[in-house]
Amino acid sequence: MAATTMAKALNAALADALASDDRVLVFGEDVGKLGGVFRITDGLQARFGDKRCFDTPLAEAGIVGFAVGLAMSGMRPVVEMQFDAFAYPAFEQIASHVAKLRNRTRGALSVPMVIRVPYAGGIGGVEHHCDSSEAYYAHTPGLKVVTPATVDDAYSLLREAIADPDPVVFMEPKKLYFSSAEAELPTRTEPFGRAVVRRPGRDATLVAYGPAVPVALEAAEAAREEGWDLEVVDVRTIVPLDDATITASVRRTGRCVVIQEAQGFAGVGAEIAARVQERCFHALHAPVLRVSGLDIPYPAPMLEHTHLPGVDRVLDTVARLQWDDQPDPRWLAQGSAA
Amino acid sequence: MTTTPQAVRRASPRTRPPAKKKPTKAPAGEQATTDPAAALLPQPEPVRLLDPDGTPLPARADYPEPPVEALRELYRRMVVGRRFDTQATALTKQGRLAVYPSARGQEACQVGAVLAVRDTDWVFPTYRESMALVSRGIDPVEVLTLLRGDWHCGYDPAQRHTAPQCTPLATQCVHAAGLAYGEAHQGRDTVALAFVGDGATSEGDFHEGVNFAAVFKAPVVFFVQNNKYAISVPLSRQTAAPSLAYKGVGYGVPSEQVDGNDPVAVLAVLTRAVEHARSGQGPFLVEAHTYRMEPHTNADDATRYRDAAEVDTWRDRDPVARLEAYLRTRGALDDAAVAAIADEAEAYAADLRARMNAQPAVDPLSLFDHVYAEPTPQLVEQRELVRTELAAAAEPEDGR
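Protein sequences appear in the order of chains A and B.
For the first sequence, the positions run 1 to 338 when the working numbering is used.
For the second sequence, the positions run 1 to 400 when the working numbering is used.
Don't take each hint at face value.
Claimed, not checked - As a list, the in silico BS3-like pairs of lysine-lysine whose alpha-carbon atoms are at most 27 Å apart: (1) B:93 / B:228; (2) A:51 / B:228; (3) A:33 / A:51; (4) B:228 / A:33.
Unchecked claim - Simulated DEER-style distance windows between Cβ atoms: (5) A:180 / B:158: 57 to 63 Å; (6) A:37 / B:309: 56 to 62 Å; (7) A:88 / B:61: 46 to 52 Å; (8) B:279 / A:127: 55 to 61 Å.
To be verified - Sample of chain B residues with no beta-carbon within 12 Å of chain A, all distances over it, derived: (9) 36; (10) 89; (11) 154; (12) 160; (13) 176; (14) 211; (15) 213; (16) 218; (17) 300; (18) 316; (19) 321; (20) 340; (21) 349; (22) 370; (23) 384; (24) 391.
To be clear, the hints were calculated from the coordinates, so they are not data collected in a lab.
Backbone N, C-alpha and C define an ideal beta-carbon position, used for all residues, glycine too.
The task is simple: from the sequences and hints, build the whole structure.
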């Protein structure tokens, strides 16, 4: 076992996919000689040649649309959107074609491809470089939406994404790129559609994905001092979502906080909270609460730490899980004002 | 109809000696004399091989006339295609189609373009290409599935090498570039033919598609049918370019403009464009000047934005009559042949009518079949919910 970063694990996954399947092509902006602005494609062009890993014109709709045509011809494109917010020009291609071609043609055409999106903040990036855009994709039927939080998952989920018969939006948490862990690659972790309990606990369940998973784990560790034993579930694949693992955990603990880095309104966390509440009503000792970023455009770097949900926000929320069965003062104030 | 400012009028690049690939090294600061754009520019006037009345124009070396058998086949498919188009509009009035965008008046483009490609080539049509698709031999009922509304794409795109009819404007241009590049990458000599309208050339994906095809030397023919209107908006609101064929030069793509109501010229120009792409020289852009004789769709009212007089001037340039007149002069068509083709078109329409009058079977549970290769657990749950709803709705009321 050796210490490996998430960036290196992703790079290894791309290299192994290129080596094992001639149909795999890796392309996008600066992915060739440079190896990508985050070096995720480092060395691939040198090793596999510029027919397998290549730079394209600087046009995201073009990149994704080109991938649609390549997939129609039988190739397996893996494209990089340089940053979350730079993927928006490609949204029409993604929503109208990538997501729908299988359905529109009753399965006669499929466009297996991976759209890699470095996403979310916490890296001191200036505007348009830190968006959490996962909900846009998760709201689009026909796409799978995957986001790793560990080094092993980064490798395994990306390999699975490239082999998947459906298009996958692969959301890479930028702030975890250079997180490091002992890993033996290649590795195979749980498949798509499985959430994983990262830390067992008895008192409440923290559900998190991507960049929020380390926050949840840190909060669970800190909560021991408060006397709470918290379980942490890593969602891993937003689509398909593993309702079973999440609800099994909440039925055991009776309490649930959903944590996401993204702005909260109409987000993935809202969907998970609603599903838990629908499915676990009789097991719940408290309403399902959410912790998220603020409902604001992603802030300037010097203010981002106010926006990002941290351990304190998580613990403050856990404290409101009806431990002494009293009305939550936060909602009482709102009720009397109405 | 074309507006070609004097400034861009020049001797035809095809009749001049070919431009040198690389200008001889000029001393620093001195202007090179060869214009690398010259070879890419379209001719200043649309290529035309027949006068509007069908009289042949002098033969030209750059666009030789296609063989007469090909022209006769072109005529036959144009007649059948027009009859199909009329029938489809009629089906909207009978409530059998939700909507139909007619291509009447554009028969030379619709049929000429698909005749220029092979069955193994890929066609990327828009919603107005129904006539092109039936001319490609696709079952008209399958073509009209989209507009009848029992599913989206009724034919098998993989089997027919024909993408689903594309409604989001110009998005198919990039697909064509990717597919053509992928085919070449795998050692196949497939050409992609991307249809696009005049309005859609304003969309970003048109430009990205042409640019990607050029940069990757993908064998794509971009075929712009300039029918003068994007629903109600005239060409002057889409572009200030001398003509849409001038959009190629900025991407390094050779381009041509053609009289889109001259079937012989359309087939000649498209044939050459397809050869160019297939020979590994990269993409080619063709603009055909034509006219949409009908409203945008049956739901549109064209009298709100154009004069009857304007439509009448285009009636005189009818592509079907034009080709018929020419083939008669050539002795390739007589009254009996014309009547036989008309009968064939009638029979085609009658068969279509009969089959479209049958109510198509739809299965609500099939909604879940092709969202993913395997349904997600959430879709399995929803499918069960719908199944229960359907079962409840099918049960007789219990006596009350």
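Beyond 12 Å from each Cβ of chain A, as asserted for residue 316 (chain B): holds (40 Å)
Hey, is residue 321 (chain B) genuinely clear of chain A, shortest beta carbon separation above 12 Å? holds (37 Å)
Over 12 Å from every CB of chain A: does residue 213 (chain B) meet that, or does the non-interface label fail? violated (9 Å)
Would you say residue 36 (chain B) is clear of chain A, with no C-beta pair closer than or equal to 12 Å? holds (19 Å)
Nearest-CB test (12 Å) between chain A and residue 384 (chain B): The claim holds: residue 384 (chain B) sits with its nearest Cβ about 14 Å from chain A, beyond 12 Å.
Residue 340 (chain B): least C-beta distance to chain A exceeds 12 Å? Residue 340 (chain B) clear of chain A: closest Cβ-Cβ about 36 Å, beyond 12 Å.
Over 12 Å from every CB of chain A: does residue 370 (chain B) meet that, or does the non-interface label fail? Nearest chain A Cβ is 4 Å from residue 370 (chain B), so the label is violated.
Take a look at whether the Cβ-Cβ distance between residue 37 (chain A) and residue 309 (chain B) falls inside 56 to 62 Å. holds (59 Å)
If you draw a straight line from the CA of residue 33 (chain A) to the CA of residue 51 (chain A), is it 27 Å or shorter? holds (13 Å)
Run the C-beta distances from residue 154 (chain B) to all of chain A and say if the shortest one exceeds 12 Å. violated (9 Å)
Could you say whether the range 46 to 52 Å given as a hint is met by the Cβ separation of residue 88 (chain A) and residue 61 (chain B)? Given about 49 Å between the Cβ atoms, the range holds.
Minimum C-beta separation from residue 160 (chain B) to chain A exceeding 12 Å: can you confirm that? Not fine: 9 Å to the nearest Cβ puts residue 160 (chain B) too close to chain A.
Checked against the numbered hints given earlier, the structure breaks hints 2, 4, 5, 8, 11, 12, 13, 14, 15, 16, 22 and satisfies all the rest.
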